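Heads up: the protein sequence lines correspond to chains V and H, in order. Each residue of the first sequence is one higher than the one before, counting from 1 in the working numbering. Each residue of the second sequence is one higher than the one before, counting from 1 in the working numbering.
Among the hints, a few may not be true.
[Claimed, not checked] Straight-line C-alpha distance at most 16 Å; calculated EDC-like pairs for lysine to aspartate or glutamate:
| no. | chain 1 | residue 1 | chain 2 | residue 2 |
| --- | --- | --- | --- | --- |
| 1 | V | LYS205 | V | GLU113 |
| 2 | H | LYS89 | V | GLU337 |
| 3 | H | LYS146 | V | ASP241 |
| 4 | V | LYS114 | H | GLU8 |
| 5 | V | LYS237 | H | GLU25 |
| 6 | H | LYS409 | H | ASP371 |
| 7 | H | LYS301 | H | GLU337 |
| 8 | H | LYS16 | V | GLU337 |
| 9 | H | LYS11 | V | GLU400 |
| 10 | H | LYS64 | H | ASP255 |
| 11 | V | LYS282 | H | GLU233 |
| 12 | H | LYS63 | H | ASP172 |
| 13 | V | LYS237 | V | GLU96 |
| 14 | V | LYS205 | H | GLU8 |
| 15 | V | LYS391 | V | GLU284 |
| 16 | V | LYS236 | H | ASP172 |
| 17 | H | LYS301 | V | GLU215 |
| 18 | V | LYS281 | H | GLU137 |
| 19 | V | LYS231 | V | GLU337 |
| 20 | V | LYS3 | V | ASP371 |
| 21 | V | LYS174 | V | GLU117 |
| 22 | H | LYS316 | H | ASP255 |
| 23 | H | LYS379 | H | GLU137 |
| 24 | V | LYS92 | H | GLU14 |
| 25 | H | LYS146 | V | GLU66 |
| 26 | V | LYS92 | H | GLU8 |
| 27 | H | LYS89 | V | ASP336 |
| 28 | H | LYS146 | V | GLU113 |
| 29 | H | LYS253 | H | GLU337 |
| 30 | H | LYS301 | V | ASP389 |
| 31 | H | LYS89 | H | GLU125 |
| 32 | V | LYS277 | H | GLU137 |
| 33 | V | LYS282 | V | GLU319 |
| 34 | V | LYS331 | V | ASP241 |
| 35 | H | LYS11 | V | GLU96 |
| 36 | H | LYS16 | V | ASP241 |
| 37 | V | LYS410 | H | GLU148 |
| 38 | H | LYS63 | H | ASP185 |
Hint data in this document are derived by calculation from the structure and do not stem from the laboratory. On a predicted model such as this, the values are computed, not experimentally measured, just so you know.
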Amino acid sequence: MIKFDTFTLINGLRFVVHHDANTPIVAMNILYDVGARDEHPEKTGFAHLFEHLMFGGSINIPRYDEPLQRAGGDNNAFTNSDITNYYLTLPKENIETAFWLESDRMLSLSFSEKSFEVQRQVVVEEFRQNYLNQPYGDAWLLLKPLAYTTHPYQWNTIGKEISHIEQATLQDVKDFYARYYNPNNAVIAIAGDITTEEVKQLAEKWFASIPSGPEINRALPSEPQQQEARKLQVEKKVPVDVIYKAWHMCGRNDDDYYATDLISDLLGSGQSSRLVKELIKKQELFAEISAFITGDFDPGLFVITGKLLPGISFEAAEEGINKQIAVLKQKSPSMDELRKVKNRVVSGQAFSSISVLSKAMNLAFYTHLGDTELINSLTKQYRNVLPTDIKRVANNIFAENNCSTLYYTKEND
Amino acid sequence: MTEISTLERFKAPELKTAASLMLSEPPCMVLPNGIPVYTFNDQSQEALRFDLLINAGSGFQQKKLVAGSTIKMLREGSKRFTAGNINAKIDYHGAYLDLQSSKDIAWMSLYCLGKSLPLLMPLIESMLKNPSFRHREFRMFNRRQKQEFIVSSRINKHLASRIFNEKLFGTDTPYGQTAAVEDFDKLATSDLAQFHAKHFLPANCTIIVSGPINDKIIQAIEKHFGDHWSNAEPQPDFIQETIFESGLHQLQKPDSLQSSIMMGRPVMQRNHPDYFGFLFLNTILGGYFGSRLMNNIREDKGYTYGIHSQVMPYKKACGFVISTEVGTDVTNNTLDEIKKELFRLQDELVDEEEMNLVRNYLNGTYLRALDGVFNQAEKFRTTLDNNLGMEYFANSLRAINTVTADELKVLAVKYFNPSEMLTVLVGNLKPA
């Protein structure tokens, strides 16, 4: 049981505090409710580029990292389709440094031309390193626009193409900041040997004077129901054929989210999962195979991807996957098999409740979802899933006309 | 009314010295067969980690790939349990089993709830003592490994690190041996069985447990791992005689958008008097986000997404490496800038402000690295190689807080001469 307190400042900034006296480290996580889905279709990759600029100095503090390191701290951040998340840990004695740094970059950035130029180039190199200069690195750049025609999830966090990043202007950055980087659009979670009273005092001191920003009314276009199967085949210089299949699934706050997640575990998590047992070990169609969900806030994707063994055709490989899906649609799993994947969730929770950093990250994320208590009730949500739910949800998701398939083919040498 | 003072946002809050950690040696129990069991107990958590380390790393192998394949094949079936049984049981308990090897050791790491450990011990015991190395399982396993190797061979970073490893330690030495794709075809189950019989002995094992430890867990460990399961005599340790090849080694990959750069050399081992000072020096150069290399090559020039330097401490030799991936057009500029930074450390004293910054940062890093029993167990494990003991961390902290700029300059002169280094470039390289 993870205990926590919550409070909200007058400017709308929400705080969650978890007291853990067993560690000399304190963790702070700041979640801003903005992600790649909020980008303009012609200016993609922006939320992530912006994350880089958040380290380029704020209005009163020329550099973010240096004072934090001087306080013995460390930090990082990530951006996904839904959120931009910043987190740091430092010795508890120096927690005020975290409030000082984070409040200043919430108040205003320095918008230095030099930092902007350099970070644009750094992100271009990141794009090359992780997406273009790697075998299969661009698979998601191909798969998402195949699966989504309308919703902004059609582009990846890194952006549709390098030119979008190269063409970004400092004015774009300022507009983005003014709209999204405001106290009423953020959640701060703190975990460590610090009391709620202490956090309240520091929060009032450093954050309360930051003015709120405009309320954000998202009107994201929803993805229409897919009407027919979509297929794409590409030929590239890769050593092995790979198949990707993606089906539309429900959003993160939907009741069926947990059943869907368990389906991905039944199919593809662990060496005893169905796809591994049947398609790798028994039928010898794949060298590797996995099933997972994207876990996005809006309706996301259920993905199965596998590396084919040499001499296996795409048709045979796909037929193998489809047969396993057919079994899942026809017959509910046994209680035993379902218990297996639920046990995995329970032990996963036990491992993620050890470090103050993972607790702070989870508390901020569940608060953002609208229910901080999920940090304790999550396992119950999974436990409530019945074998018949698995069958029902599988039938909802796994229709051929709900599926996008990518054949990533190796060029003949 | 109380007076509200204006907030001076440009002024950093006063820094305090963090309480330092005092770590004593963990309790050690010796099983009847001589295996030491080290325990890091914390009843406040449910999660437990069980590590069984075996002196059976790739340095011991007579044929490439044998050490890594032997430990990984333990999952594919034992005399008592089929691969299917093993995986079903591990998954049922929500556990996770990691089988890995390095140059020095091989290990089985089991992550599970404390209550599940006694139930999983018979399985781990059987895998460790009586693996079956069946043909069909091996054929599939080896094919998978080979395919993975082929895919990773398309990644410049991996190609560079293979070349770097060979040139750093010597191609035919235990540490320098590097597998090629043909080596997968030369491997047979008999190689694995022989390697297992020779090295998987009580005298070569160490156990470390961290988490909610109780009598039941200790009894289970003693019951399943305490007997004399093998009569084989332990093999003599291998000898690493490093043959270092400095200079430039290039591999042309015409389609690349980026070049992978690795630059480095062998350095002193962890029990050498220069070691802690060198770690400090490495941090300044490229060991953290605010390092000189990051500041220059990423934050000032934007040539790369990241550039790092690190010390790789193995049991019998130690390497130092700078690594990065940069746009092909700036490969030579990057090399020039790296050299500039190496010379700057030889020519100029690090000023007090930077010394302080790195000192504080490293103190914080230690606090984080030793936070919680899992981290402590992990750190303890790294001390076993050279019998350093937990005092290693106290000594390291002392060195961090006492090393001087003058000493760092002497170390830079001694170890940071670019002409004594090995440079590996893989990518689309234009003639210099």
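We went through each hint and held it up to the structure:
no. : hint                 : verdict
1   : V:LYS205 to V:GLU113 : violated, 30 Å
2   : H:LYS89 to V:GLU337  : holds, 11 Å
3   : H:LYS146 to V:ASP241 : holds, 15 Å
4   : V:LYS114 to H:GLU8   : violated, 26 Å
5   : V:LYS237 to H:GLU25  : violated, 53 Å
6   : H:LYS409 to H:ASP371 : violated, 32 Å
7   : H:LYS301 to H:GLU337 : holds, 10 Å
8   : H:LYS16 to V:GLU337  : violated, 53 Å
9   : H:LYS11 to V:GLU400  : violated, 61 Å
10  : H:LYS64 to H:ASP255  : violated, 30 Å
11  : V:LYS282 to H:GLU233 : violated, 39 Å
12  : H:LYS63 to H:ASP172  : holds, 11 Å
13  : V:LYS237 to V:GLU96  : violated, 52 Å
14  : V:LYS205 to H:GLU8   : holds, 11 Å
15  : V:LYS391 to V:GLU284 : violated, 26 Å
16  : V:LYS236 to H:ASP172 : violated, 36 Å
17  : H:LYS301 to V:GLU215 : violated, 38 Å
18  : V:LYS281 to H:GLU137 : holds, 8 Å
19  : V:LYS231 to V:GLU337 : violated, 32 Å
20  : V:LYS3 to V:ASP371   : holds, 14 Å
21  : V:LYS174 to V:GLU117 : holds, 14 Å
22  : H:LYS316 to H:ASP255 : violated, 38 Å
23  : H:LYS379 to H:GLU137 : violated, 35 Å
24  : V:LYS92 to H:GLU14   : holds, 13 Å
25  : H:LYS146 to V:GLU66  : violated, 44 Å
26  : V:LYS92 to H:GLU8    : violated, 22 Å
27  : H:LYS89 to V:ASP336  : holds, 12 Å
28  : H:LYS146 to V:GLU113 : violated, 48 Å
29  : H:LYS253 to H:GLU337 : violated, 23 Å
30  : H:LYS301 to V:ASP389 : violated, 54 Å
31  : H:LYS89 to H:GLU125  : holds, 14 Å
32  : V:LYS277 to H:GLU137 : holds, 12 Å
33  : V:LYS282 to V:GLU319 : holds, 15 Å
34  : V:LYS331 to V:ASP241 : violated, 31 Å
35  : H:LYS11 to V:GLU96   : holds, 12 Å
36  : H:LYS16 to V:ASP241  : violated, 56 Å
37  : V:LYS410 to H:GLU148 : holds, 15 Å
38  : H:LYS63 to H:ASP185  : holds, 12 Å
In summary, the numbered hints that this structure violates are 1, 4, 5, 6, 8, 9, 10, 11, 13, 15, 16, 17, 19, 22, 23, 25, 26, 28, 29, 30, 34 and 36.
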